[in-house]
Amino acid sequence: MEAEPRGPALHRGREPRPPMGEASGRADPGSAARSPWRAGLAALAGGAPEAALPLLRRAMEAGEGGGLAPLNLGLALMQLGRLDDAVPALEAAMRAMPAHAEPPFRLGTIAGLRGDPAAAEALLRAALARDPGHVPALAALAALEEEAGCIEAAGAIIDRARAIDPAEPELDVTAARLALRREDPTAAIAAAGAVLARRPAHAGAARLFARAWHRRDGAEAALEAVARRATADPLTAGWALAAAELQAMGGNPAAALAELRTAAMLAPEAAEIRAALGLALADAGRGAEAEPLLREAIAARPTDLGLRNRLATVLWARHRPCAMLAVLEEAIRAFGPQPILLMNRALALNVLGEQQAALEAAEVAAAHRGGGAEAAMTRMAVLPYHPERGHAAALLAAGREAASRLGPAAAPPARPRDPDRRLRIGLLSGGLGRHPVGWLTLAGLEALPEAGFELAAYSLKRREDEMSARFRARCALWREVGHRDDAAIAAQMAEDGIDILLDLGGYGDGGRPGLVQRRPAPVQVKWVGMQNASMGLDGLDWMLTDARETPPGFERFYAERLLRLPDGYVCYTPPPGAPPVAPLPALARGHVTFGCFNNLAKVTPRVLAAWARILAALPEARLVLLTHVLGEAAARERVQERLAAHGLPEARVTLAGGVPHGALLATYADIDIALDPFPYTGGLTVCEALWMGVPVVTLAGDSFCARHALSHLGNVGLPDWVAESEADYVALALARAHDLPGLAALRAGLRARVAASPLTDAPRFGQALAAALRHAWRDWCARPTGP
Amino acid sequence: MSATLAAPAPAWALADRLAEQVGALLRDGRAEEALPMLDRLGLLAAPHAPALRAEAMLQLRRLEEAEAAADAALSGAAPGAGLRRLRARIRLARGRHAAAAEDAASAVMAEPHDTGGRLLLAAALTEEGRHDEAIWFLGEAWRADPGNPVLQRRLGEAFLRAGRHEAAAELLAHCEALAPWTPGIAALRAQAALLAGDAVAAERMTRGAMARGVVEAALHSVLGHALVAQGRLAEAGPHFAAAGRLAPGNGYIAHLAAAADGTAQARAPEAYVATLFDGYAPHFEAALLGLGYRVPGLVRRAVERLLPAVVQGEVKLGPVLDLGCGTGLVGVALSDLLHGPLTGIDLSRRMLEQAAAKGLYTSLRQADLTAALREAGTQALITAADVFCYLGELREVLALCRERLAPEGLLLFSLERAAPGTGWRLGPEGRYAHAPDHVAACLEQAGLHLLEACEEDLRLGEHGPVPGLLVAARAAGS
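These protein sequences, in sequence, are chains B and R.
For what it's worth, the UniProt record's numbering labels the leading residue of the first sequence as 1, then goes sequentially.
For what it's worth, the UniProt record's numbering labels the leading residue of the second sequence as 1, then goes sequentially.
Chain B on its own, in the form it takes in the complex:
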């Protein structure tokens, strides 16, 4: 079930340092002739690098400006963030001007941005060989030394640069940062303070000032010192920035955001402050406010990979995968195929339904030396959707690969081994509210007997809705932990004395497999929440399942032991206030309307081929696809092309974007039969369709997510809606579509049938869940206590 990946894990990455130095062309003074060369330089100087490009290219062709023409072309391209295009121009300049330091310096900068420090160092040293007094090259070289951990060497280079250019504040900022890394906060405070005296809105200096004070005197004293300065000097943005830094360090993002807002009001033109505000708003989940600020920041700092990647993640949350892809692809052109960009590209492609391209991107990232566990987890986030490779055995192998990158599970904590005592159950999830996890767990958890089970929520995403209020009402302990790292959350759980941890995130957005491997509870169970396959983790003991999801013999597909519930493995909470079931629309229309309201990631080429056959056999029939990403015009066009390629008639397929939940349910009034995707079948979507009186044709596979729909349909007594092959699926859909009286009768009684079925029987489910958890607990109690 539950794929609805209203978001797999996104990769934010670290923000690289801003580049040193600015582009500058040197025009011959006194010359005013309107040659392409001079016009190009004028455009560049006037802040119009785009306009400068053709002019400089023409100048190059005409041999005007000598080596300076390709150099300035390279600089213009760098300003536009087109690092890949800049390289050949700069290389030409380097050849043409063998004594000029600027071309190797710029090429070194690009190599550094693209993650190749060895090449960067060689080029920077070449620049310095050409001009030993080239301050930006010295600064960039110092940055490389610093990154490599050679603080003393970096310091010596910076001292050399400062001797050459004592007025450059960036050098003072670097000196301050190095002093802090040398554990000399007093020197760092002095250096950063000196910069702030000259540049009161200097973001880097303000941050260093705050950090150095914090290091020397502690958080409270640092806040007080900054507050004192802000009171004395209320219109200086630097103090607000410093306060923001301290609040963020103290785990108080709301206060940090407040300070950043203030800084942005005090220094409205400071690009770096607006960038910081954009990032903070993005972190606070306020994408609509963050997006324009981030775009502005990227224009001001085109060589900042972190900003672009963050904008991509904001666009993801705003259901704009095509805009996201555009940002990522431009960044990949500029910075090369860096894993973080590839991972997010994989997610964007996947949600557009391009599973093969998505998996390829994820696999390139996973094969990259910098990909690490994140890349393996991204592959796990896209693989279950893949039409051929998303099967149970491959998923287990990929899960084990991710697990091996995460490292082995820690030893379980000690807890009193009383088999019958009241247990404290931890819920780890970002979906404790209006979210698939909520709809499929809430009623069951409410019915879990309080006397035997106390619930403790570890919420990874703050939610304020009526579902989250019901979770809060049931949980004795509630912790918002989304901002804390795995180690801190695990320590908190151990301190809270969690007996059984229910992981409700899997490899999805905000999932914490790394936390599971830290083993904060003696018994750890995978349940709803990107529960699409074995996670492959040795830190998980059990998977909550049922006999339809995992019949006997399926144990071989799971690293976890299977904890089978007697009916279904979830309990659906029917939405209060759902509109009544409408009459069968085909009776009035005279033709059948199929619908699929699933995430497009599930709609594979094979699904489209099956649908095309169904529509071809029923010339009057219609198909409605409704999901969030179809709200983006570019995504609609892209999907439309794919539909056409598979022979789906454009006129008979409606593409609709996401709507509020009540409206989504009401849309089922237009649907006669839901067509389920495969291999990743519908979970919550199936439950909702059934509640709205719409039966679902599905195809079962062998992975967990390939059997969600089978489980739900079986639970409501509709096993004859499950096909075993793609040909069956088509035949079944056609047979059902030809039996309108049968459809009408089924529809009229379907909600009552679901309401009376185990799928929604919370008391029954609560007892079954209690028995299953008790079984898992007793199993642990009975195990010999190891070392």
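By construction, these hints were calculated from the structure, which means they are not laboratory data.
Among the clues, some could well be false.
To be verified - Chain R stretches covered by chain B per the calculated footprint, using a threshold of three residues with CB under 8 Å from any CB of chain B: (1) 11-17; (2) 35-45; (3) 201-214; (4) 235-249.
The C-beta atom is built at its ideal place from N, Cα and C for all residues, glycine as well.
Could you slot chain R onto chain B? The hints should help.
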């Protein structure tokens, strides 16, 4: 490259921009994000700064600072009705109801047709117990905007608070039919049913609302009470717990949740007692008398038995300290014997108002009883009728009584009785019961001499008479 600041804008223009931004943040309910800007507006002595700060502090529930800022804003030239309303909201939130009523009244005088002002005034008047006036203002507001469900709900609530259950039930039912999603409406309707004695209907209403997806602490709380009223204590527990989790700052619910869960503290929190009896006040006596409440009479008889000289008029009785005086029933029971000052102490202001109406007490104080005992003078008689049942641990209060008793002074108190050997326990109704042997030991430790501990039925409970003790003690050695 680094951020650079253009020449600083003139401070006044900046102040205007800051104020505009703060206003926008406050309209979005984001007071926390406005704080550093508010600090700067203050430092710039911007004219809007105090009013904006007051609004922000109110949003953040930093009420003392909010009122101080509102005071500052109102000290400026020609304060408008808006500022008055703002301060009324702050004062209401702080529980300064009379002062809130003053502000709200001035706002209504200045802008008689503003619904917000009328609602504030009515809320303040309701809290003051001035129900008829509150109902009048709400009725006015409602007549001006009869389709507004919130006004209907407020009027129904006012009728409920005034003890006019039938009118309340009718209005609230109408309101729920008209706008079933009006916040709090289902809980209020159920509460009206419960107060009218129909716990089954109250249960049905709360469960119905929950099935419709309404999630509120008040619903769980009313359902818990409705279940207790039907004697289904075990079922009530999880609902008090749920209510406590949804309203973590509410001491009344927290105590009930703890009582249901068995994790009780050594005494009921002040907030619990005050809320309980504020809610009861208008109909408390009638309810108690209807329940066969006997304690004041038992106190009277104990005085007759143990202080015969007083009854015979040979000795004058006083001063008397009545702990947890409630509506003053002990004062009534002893009124003909009194010759010295009679002081009443209670946590519930509403109860004290009812006691004051009897004209028997020389002074009435709203205070916690241990605090009151620390400040009291020497007493000839201390009574505590149906009070120590809100305390688990008795040692401190008994020691304080011992300190305040005159050499021949008498202490009389009632308790709910637990089985011998069980110490004390908190029952699911939120009251404590004490074992007789435990009480005797506590008295001895406090330096008090037990005169008698009569087993008495205190009143009628859901399951028959509530077994209790009436304890009399003197200072040991006197």
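Taking the hints in turn, this is what the structure says about them:
no.	hint	verdict
1	11-17	holds (count 3)
2	35-45	holds (count 7)
3	201-214	holds (count 4)
4	235-249	holds (count 7)
Hint compliance for this structure: every hint is met.
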